[in-house]
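S.K.: Per this note's numbering, the sequence shown starts with residue 239, numbered consecutively.
None of these hints come from the bench; they were simulated from the model.
Keep in mind that the hints are not guaranteed to be accurate.
Unchecked claim - For each label pair, taking beta carbons as the anchor points, the in silico distance ranges come out as:
1. Lys259 - Met368: 33 to 43 Å
2. Ile295 - Val384: 20 to 30 Å
3. Pro332 - Thr377: 52 to 62 Å
4. Gly314 - Phe336: 18 to 28 Å
5. Gln258 - Ile295: 40 to 50 Å
6. Thr290 - Ile253: 48 to 58 Å
The C-beta atom is built at its ideal place from N, Cα and C for all residues, glycine as well.
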Amino acid sequence: MHYIKARFDSNLGKIPENFQKLFNELIKMNINRPLLADSPFGWTPEADLYETDDEVILAVNLAGVRKEDIEVSFHGTSLRVSGRRLPQYQQKRPNRFFLLEIGSGDFDRIFRLSHVIDDTCIEASFSDGMLTVRMKRRTKPCKTHVKIKD
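Input sequences plus hints: build the corresponding full structure.
M.R.: Written out as structure tokens, the structure reads:
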């Protein structure tokens with residue numbers, strides 16, 4: 239009869255504890271930030287999309303992005319904001335990171351709008367790292383009574 243001697247690593251019993259620590263760290267992260275980006279690119283900028291009485295406004299946090307590196311386009315009911323943020327450490331790459339939260343590289347976000355937008359009245363401005371896109375809503379069609387002739 240042969241015996242097989244099995245030894246398990248002493249850290250094996252700590253797996254549930256390590257998963258709990260990892261989970262707690264994820265919870266501590268900013269939960270409003272998309273954990274899974276809607277694009278395959280390097281980072282996803284934060285955005286607010288809201289409406290007023292006559293327009294829809296999109297505000298996108300693009301701190302560290304140059305104006306010439308931003309592209310805004312509109313098609314149908316979709317507004318696309320894309321561009322690139324260059325890393326802050328371009329001249330000399332650091333030996334080690336202690337904290338790495340600022341995303342860099344390409345980004346691409348598509349916002350689907352539920353309102354009908356007048357594509358001739360879209361304005362974008364960029365100030366203090368904040369891109370603001372103002373879109374006028376198309377007036378709703380009004381009900382018209384049509385008189386029938388004899």
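S.K.: With reference to the structure, classify each hint as holding or not holding.
M.R.: Each hint, compared with the structure:
Range check, Lys259 to Met368: Cβ separation about 36 Å, and the 33 to 43 Å hint holds. At about 37 Å, the beta-carbon gap between Ile295 and Val384 misses the expected band of 20 to 30 Å. Restraint check, Pro332 to Thr377: a C-beta distance of roughly 54 Å satisfies the suggested window 52 to 62 Å. With their beta carbons about 45 Å apart, Gly314 and Phe336 fall outside the hinted range of 18 to 28 Å.
Roughly 41 Å separates the CB atoms of Gln258 and Ile295, a value that falls within the hinted 40 to 50 Å. For the pair Thr290 and Ile253, the beta carbons lie near 52 Å from each other, so the given range of 48 to 58 Å is met.
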